[in-house]
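*Asks:* Chain order of the listed sequences is A and B.
For reference, each letter of the first sequence is one residue, going 5 to 180 in this note's numbering.
For reference, each letter of the second sequence is one residue, going 46 to 190 in this note's numbering.
Any given hint could turn out to be false.
Said to hold, decoys possible - Taking CB as the label site, the calculated pair distances span:
#1 B:L59 <-> A:L152: 51 to 59 Å
#2 B:I60 <-> A:N149: 25 to 33 Å
#3 A:T81 <-> B:V117: 55 to 63 Å
Said to hold, decoys possible - As a list, the in silico BS3-like pairs of lysine-lysine whose alpha-carbon atoms are at most 30 Å apart:
#4 B:K170 <-> A:K173
#5 B:K52 <-> A:K131
#6 A:K47 <-> A:K57
#7 B:K52 <-> A:K173
#8 A:K173 <-> B:K176
#9 B:K172 <-> B:K186
#10 A:K173 <-> B:K172
#11 A:K173 <-> B:K109
Said to hold, decoys possible - With the C-beta cut set under 7 Å, the calculated list includes, among others, these residues of chain B facing chain A:
#12 I71
#13 V79
#14 T108
#15 S114
#16 I122
These aren't lab readings, by the way, just hints derived from the structure by calculation.
Where is the CB? At the ideal position from N, CA and C, for every residue including glycine.
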Amino acid sequence: MKKFITIILTLFLMISVFATLNNFIVHASEEIEFYNFDFDTDKIRENGTRKVKISISFTTKEEIRIDNLVAKIENQTQTINLKNQQPIKTDDSYQYDIEFTIENWQVGTVKLEINYFLIDSFEKQSKIFYIPGGRWIETDLSIGNSVLMGVIAAVTVASATLIIIEINKKDILDEK
Amino acid sequence: MKKFDFKRNLLNLLIIFVTIFALFTINFAGISEVVFNSNEFSNNLGIILLVSFISSIIALLLTKINNISLAVQVIIIYSFVSIVFILLGFILYIYDYEYNTSLFIATTISLITGLIIVCLFIIIKSKLIDKSLNLNLQHFKERDQ
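In isolation and in its complexed conformation, chain A is listed as follows (with noise of 0.2 Å):
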């Protein structure tokens, strides 16, 4: 009797590896690879809001749906939907160029997940890419570029109404 228990766990141990090794190579044979990527950050502003518009850009070799992106920084996760996404087919890959904005991106690094389907299948898959940031976003300007922008404005204010006090004495002399 203990042995037949013995047996039977042994093949249920084997069933068991056996299954998770198969869903595994199942799994990394599906796996897309993806090229070149790279990335661009800019700051914008839209409706008076901060935000952060980041353009990526890769190549695969096969044809992919991205469903969608999930940007996550610190506590904050974002999800930007692409189900529209169309790639420029290359001759023998697939150029993808998504633009995207972030809200509230102060400091450190965002992990972008990319979920995306294959052509013929649908199962969702996703692939991890890490965008850094820095603390360039939280300041606008360095005191200096400020301190310009401050002395430009004062300059043009005071030339502004040396102008206009010009004109007002050049027409009290006039009606004189």
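Add chain B to chain A, keeping to what the hints say.
*Replies:* Below, chain B alone, put in the same frame as chain A:
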């Protein structure tokens, strides 16, 4: 009673409008370029045009106040233009306390310094003109005697 010269006032209004519009455009375009590395400021040209036009009408009316000294008139017009400039900056989200504190403080200090310099310039210029007139007057008096 003085006749209202419509043509002259219209021309003055146009000059003041162009001056104020140029002032706002130069500054906000510069800040937009330096801060956001973009020309998104151009989306707000309509608001800038409207504010410039209203400001130029008010500035023209301010220049019509003649029973005050030149220095006071300079202070009033300079302060008015500065306040409109800062307020428009707030409307366009350029001068906010949250992100652009250094820019706001630097601009405010520069504007106050500019006002002091312009006032000193006007006062010194007036004094020199007065001195020159007094000397001329003295000269005429001496000649008559």
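*Asks:* The structure should be examined with respect to each hint, and the outcome stated for every one.
*Replies:* Each hint tested on the structure:
no. : hint                         : result
1   : B:L59 <-> A:L152: 51 to 59 Å : violated (31 Å)
2   : B:I60 <-> A:N149: 25 to 33 Å : holds (31 Å)
3   : A:T81 <-> B:V117: 55 to 63 Å : holds (58 Å)
4   : B:K170 <-> A:K173            : holds (14 Å)
5   : B:K52 <-> A:K131             : violated (70 Å)
6   : A:K47 <-> A:K57              : holds (6 Å)
7   : B:K52 <-> A:K173             : holds (17 Å)
8   : A:K173 <-> B:K176            : holds (19 Å)
9   : B:K172 <-> B:K186            : holds (20 Å)
10  : A:K173 <-> B:K172            : holds (17 Å)
11  : A:K173 <-> B:K109            : holds (10 Å)
12  : I71                          : holds (6 Å)
13  : V79                          : holds (6 Å)
14  : T108                         : holds (4 Å)
15  : S114                         : violated (12 Å)
16  : I122                         : holds (5 Å)
Of the numbered hints given earlier, the model fails hints 1, 5 and 15; all others are met.
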